[in-house]
Amino acid sequence: MKITDETVYELAHLARLQFEDEKKERIKADLERILEFCEQLNQVDTDGVDPLIYLSDRVNNLRPDDVRVDITQDEALKNAPDADSDYFRVPKVINK
Amino acid sequence: MSSVYDNYELVIGLEIHAQILTRTKAFSSDPAEYGALPNHNVSTISLGHPGTLPKHNEAAIAKAITLGLACHSEIRKENQYARKNYFYADLPKGYQITQDKTPICSGGYVRVKFIDESTKDIELTRIHMEEDSGKSIHDLDLHNSLIDYNRAGTPLVEIVTEPVIRSGEEAGLFVTEIRKLVRYLDICDGNMEEGSLRCDANISVRLKGATEFGTKVEVKNMNSISNVRKAIEFETTRQIDAIENGETIVQETRSYDALKGNTFSMRAKELVNDYRYFPEPDLPPLIVTEETIQQLKESMPKLPEELFENFRNEYGLNAYDAGVLTETKELADLYLGITEHTENYKAAANWVMGVIKAWLNKEALDVDDFHVPPSRIGALISLVDEGKVSNAIAEQRIFPALLDEPDKEPLQIAQELNVIQSSDESFLEELADEAIAAFPDKVEAYKNGKTGLLGLFMGELMKKSRGKADPKVASEILKRKLEG
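Those protein sequences? They're chains A and B, same order as listed.
With the numbering used here applied, the first sequence covers 1 to 96.
With the numbering used here applied, the second sequence covers 1 to 484.
Take the hints with a grain of salt, since some may be wrong.
To be verified - As a list, the in silico DSS-like pairs of lysine-lysine whose alpha-carbon atoms are at most 27 Å apart:
#, chain 1, residue 1, chain 2, residue 2
1, A, Lys92, B, Lys120
2, B, Lys113, B, Lys180
3, B, Lys297, B, Lys77
4, B, Lys120, B, Lys302
5, B, Lys220, A, Lys92
6, B, Lys77, B, Lys302
7, B, Lys77, A, Lys78
8, B, Lys442, B, Lys479
9, B, Lys113, B, Lys55
10, B, Lys55, B, Lys357
11, B, Lys135, B, Lys77
12, B, Lys260, A, Lys92
13, B, Lys84, A, Lys92
14, B, Lys450, B, Lys463
15, B, Lys297, B, Lys101
16, B, Lys297, B, Lys120
17, A, Lys78, B, Lys55
18, B, Lys135, A, Lys92
19, A, Lys78, B, Lys93
To be verified - Chain B side only, calculated, beta carbon under 10 Å to chain A, not exhaustive:
#, residue
20, Pro31
21, Leu37
22, Ser43
23, Leu47
24, Glu162
25, Val164
26, Pro279
If you're looking for bench data, these hints aren't it; they were derived computationally from the structure.
Bear in mind the structure is a predicted one, so any value in this text is a computation, not a measurement.
We put the CB at the ideal spot given by N, CA and C, even for glycine.
Excised from the complex, chain A in its bound form:
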């Protein structure tokens, strides 16, 4: 399958990734190789075979509605790239 420039830009947008424009051709070639590799799967006849979503036969796995508090606010904020004493801090998401 041929990967177009638009596809690369769209994927980059969806994945929130940036790349330098000179790398574009290499990315396109890589993506094409990946798709080609995966296309081998199309050789298998899967008519009438349900897609496999779960690796076990287990169903439900529900939990009762009982409160358990595992981590404190301090612990919650500890791994954040940026935080103040109460909140996670992220770049301004909207311009008003």
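Given chain A, work out where chain B should sit, using these hints.
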């Protein structure tokens, strides 16, 4: 004269998100309560840490099924979960767990009632389960957005209607009905201002008779029922004006500004959202058994519509009374409680909607806070019915005393206040003689045909009895004496 607006038909579909009232989140055990300090109600699961696994809250599932049953939907036996992928800071995993192809409830309808008592069944497309996101705060910090994940992972149901709503009024009635329903069933507190019940509207217009839909615009942030109505009315006019001016409607998301009463574009979608739904492999399929459905059906309280019919047909109330009494489950329960102690259903309705509600309003209390046992109100109604006290005395003297001493029998209070009405004839004869003696000149006038003067003598008699005379017996005695 017909206006250009009359040439168009409005097509609305609503999406209502309701936070399910559970103690814990949808897929983790951290508390789901509203109003905690920021980032206190969190867990490694709701924060989306790698390697954590979600586990579904059975209470949330039960409530979603109950709502479906109340809306006459079909309950799906085999459910899968899906991931809806998008990047936003308040969604830590980068995807929302939701149901895509297998909503827990399909179809069904909610009946709305118009002022003229005509009804319309608003058809539902589906009700599915999903999780809420965290909250972004944009105005606390000059340079950053701040994120509070307390809400992240709170269980939600999303109720989606077919595009069958034709006016802002209908939309408002539908949201009112849904809010009533989720409150009755204890599924959601229905608080639109705090955002536990949220409504988005997909709005388009088309020329009457057209079969194709117009381009739809999604309107968000209508945090009250009257705003839902107003936003739809504004948006309709905006769209029709645009079309009449030869402009094309852009498919976009707009936000309602309650202060200005208009809608504004939130973002021009340079790329159409691509959520790349796929099955959520971290949660095994959910299997709902017929047994579970039956159990939930049996434990369901009576629904407002059902109660309304009961109140009309079995209790003989008029539509207005039945409507008021079924507005909330609490009010209906209070009424039903009282009717267990009296068969005078109309009087019970009057007490609940009149004196009791007025007192609650004055004290700014909820119906749940009414502390007088229903048996006492029932007994009080019986006192009036038996002619032991007048209605006015019951409302103005005994009821206030009952509020202070709810454990006392109304009869005892009446005795202590010395307000038991007397129908004792010799006592009343004496009073009647005194009343007649007080106005000798009026007696003559009465005998000459001014029978309207009876009220004057009655007033005098009642005054002398300190409100205790049984007015029916007393007036008969007076009449007999005056005419004799």
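* To do: May I ask you to test the interface hint for Pro31 of chain B with respect to chain A, counting a Cβ-Cβ separation under 10 Å as satisfied?
  => The hint holds - Pro31 of chain B has a Cβ within 10 Å of chain A, the shortest such distance being about 5 Å.
* Asked: Does the alpha-carbon distance linking Lys260 of chain B and Lys92 of chain A stay inside the 27 Å limit?
  -> This hinted pair holds, its Cα atoms lying about 25 Å apart.
* Given pair status - Lys479 of chain B, Lys442 of chain B, alpha carbons within 27 Å -> OK: Lys442 of chain B and Lys479 of chain B at ~13 Å, within 27 Å.
* Asked: Are the Cα atoms of Lys120 of chain B and Lys302 of chain B separated by 27 Å or less?
  -> 21 Å, holds
* Going straight from one Cα to the other, do Lys297 of chain B and Lys77 of chain B come out at no more than 27 Å? -> 15 Å, holds
* To do: Would you mind confirming whether the straight-line C-alpha gap from Lys78 of chain A to Lys93 of chain B stays at or under 27 Å?
  => Holds, at roughly 17 Å.
* Below or equal to 27 Å on CA atoms is what counts here, so check Lys78 of chain A against Lys55 of chain B. => Given pair Lys78 of chain A, Lys55 of chain B holds - Cα atoms ~24 Å apart, limit 27 Å.
* To do: Return the status of the interface hint for Val164 of chain B: holds when the least beta-carbon distance to chain A is below 10 Å, violated otherwise.
  => 34 Å, violated
* To do: Could you grab the alpha-carbon distance between Lys84 of chain B and Lys92 of chain A and see if it respects the 27 Å cut-off?
  => 23 Å, holds
* Is Lys135 of chain B close enough to Lys92 of chain A, meaning Cα to Cα at most 27 Å? -> OK: Lys135 of chain B and Lys92 of chain A at ~13 Å, within 27 Å.
* Asked: Are Lys220 of chain B and Lys92 of chain A close enough, with their CA atoms no more than 27 Å apart?
  -> Cα-Cα ~21 Å, so holds.
* **Interface hint compliance - Glu162 of chain B to chain A, C-beta minimum distance less than 10 Å** => 29 Å, violated
Comparing the model with each earlier hint shows violations of hints 1, 7, 9, 10, 11, 24 and 25; every other hint is respected.
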